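Chain order of the listed sequences is A and B. Everything in the first sequence is counted per the working numbering, starting at 1309 for the first residue and increasing by one. Everything in the second sequence is counted per the working numbering, starting at 25 for the first residue and increasing by one.
Please note that the accuracy of each hint is not assured.
As the list claims (entries may be wrong) - Quick list of the computed label-pair ranges, beta carbon to beta carbon:
no.	chain 1	residue 1	chain 2	residue 2	range
1	A	Leu1368	B	Leu192	34 to 40 Å
2	B	Asp177	A	Lys1373	51 to 57 Å
3	A	Leu1385	B	Ser31	57 to 63 Å
4	A	Ile1321	B	Glu77	40 to 46 Å
Simulated from the structure, these hints should not be mistaken for laboratory data. It should be emphasised that the depicted structure is a prediction, and the values quoted were computed from it without experimental measurement. Using N, Cα and C, we set each Cβ at its ideal position, and we do this for glycine too.
Now for the letters of each chain:
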Amino acid sequence: MDSTFIIEKSVVILVVFGVTMLMAMYSTWAERKVAAYLQDRVGPNRAGWGGLFQPLADGLKLFAKEEFAPNTPNQFLFRVGPGIAMATALMTSAVIPWGDRLHLFGRDILLQATDINVGILYIFGIVSVGVYGIMIGGWASNNKFSLIGAIRAASQMVSYEVAMGLSIVALLMMTGTLSLKEISEQQAGMNWNVFYQPISFLIFLICAFAETNRTPFDLAECETELIGGYHTEYSSMRMGFYLFAEYANMFISSTILAVLFFGGYNYPGMSWVAENWGVNLANIIGIGALFVKLCGFIFFYMWVRWTIPRFRYDQLMHLGWRILIPLSIINIMITGVVILRGEIFAYLGW
Amino acid sequence: MSIQEISLSGRKKLVSNKEMTFLEKMYLIAILKGLGITIKHFFRKKATINYPEQVREFSPVYRGRHMLKRDEQGRENCTACGLCALSCPAEAITMKAAERKADEKHLYREEKYASIYEINMLRCIFCGLCEEACPKDAIYLTISKELVPANYDREDFIFGKDKLVMPLEMAIKNTQLKNSN
Ligand code: SF4
Ligand code: SF4
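My request is simple: use the sequences and hints to build the entire structure.
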């Protein structure tokens, strides 16, 4: 391992970190704008042009607020909760292929922090740790509402992780790899997985909503019932961390949706661009294409938030356990039959 | 036609409790429809009025901020009779009467005048009843575009004579206009 390699990776990691933070920041702005537009309002428009400095103002405000802590025996856990939520939200971005590779300074630079061959499993692992942040925060708050919110979040995330994992299995049977990089490469041209696995996509999408605690599944923090759910007792930047982690999660899950199902950085005509205009340019456009896709998903998240009302808790569990899981198992079986159709036909002697 | 079928708005729909079909049970179609409705609003004209830059159009018979009038000779009309305060449904007006001194004849038209006259703008509902009650034509609700400017202190919303009495220049101008007509 030479020093240039370390520098290269550090730069990529820093850029990915910065971009994730920036996207999370501006998601808050976008959320307000989209919400306003969907409700025939104009949204924040005072801080900077079109309210573009609004996230900065919000951040400043949160930092300047008094850090209030409830009278809880778990001061340490109370402090550590938002940190866990934030850290896990940021860790998932490590395995996402943001583009193919750039050829700079005589080196091939992989536009990915690390290409581990169990990328998807890594993401699932980290995302399930994310629930600890919420659980610990809610528990340490010493407040009924927080606790109920945290428990709801935990059980919801655990249930939907099952359906999410199963929906991905059908996809993995097709791709035959767990590396997000290879999955992206396989979708070159217009071979996007969403055309082959629409049901898997649908289940994954619904589960992604549940995993990120967004409406219609935002039971963990439903204002009407639980005040603010697990972050009721939080104030100042600790609460900012929770909210920020949520937006970072939304950004990451949009990216994963784009990478797994919508071809990642691939776009129609990529090989033509690579031949005529050079590989670097083709890949830079590829990064742009990925961002267009994931911004589309972020918009979709917000769009749904202002369309569908919240589920009831039993409806949520019913949907997760009794509809999505059987559906994904059926999907796995159908995929298996289609993949093995040659052997099956041979076995039946057709 | 029975009363159940009459629909005044033309949009009445009978509620049916029939079993949902499989497609309806999936909710996906209903969700897509809902998304369609919300996205239509995304492109609609916005209802917001960006207040300080943009002002809503006022009606020609609009009642704005109060003004205590002066007559042609620049004297205050108000005689502190208290009828406006009595008629005010919001109990926004208070005043203190004083007797006019001999050397104040050019200031006040009547022998008694209001030394303090205050309207609490947080209470006032701009109904105009004070204007109707006044026997001396002293108080009017103008067509000023600005009702009450925003402020940080409650005290600042109690408008005294300094803010309510018609400025002298305006009285002079009015008199000039009248004479030229
Ligand atoms: S306008 Fe109506 S509410 Fe306001 S001071 Fe006059 S009488 Fe009272
Ligand atoms: S404004 Fe008119 S009604 Fe009110 S005290 Fe003066 S004279 Fe009387």
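Cross-check of the supplied hints:
At roughly 47 Å, the beta-carbon separation of Leu1368 (chain A) and Leu192 (chain B) lies outside the given 34 to 40 Å, and the hint is violated. The beta-carbon spacing between Asp177 (chain B) and Lys1373 (chain A), approximately 24 Å, falls outside the hinted interval of 51 to 57 Å. Distance hint check: the CB atoms of Leu1385 (chain A) and Ser31 (chain B) are about 60 Å apart, consistent with the given range 57 to 63 Å. Taken as a hint, the range 40 to 46 Å holds for the pair Ile1321 (chain A) and Glu77 (chain B), whose Cβ atoms sit roughly 45 Å apart.
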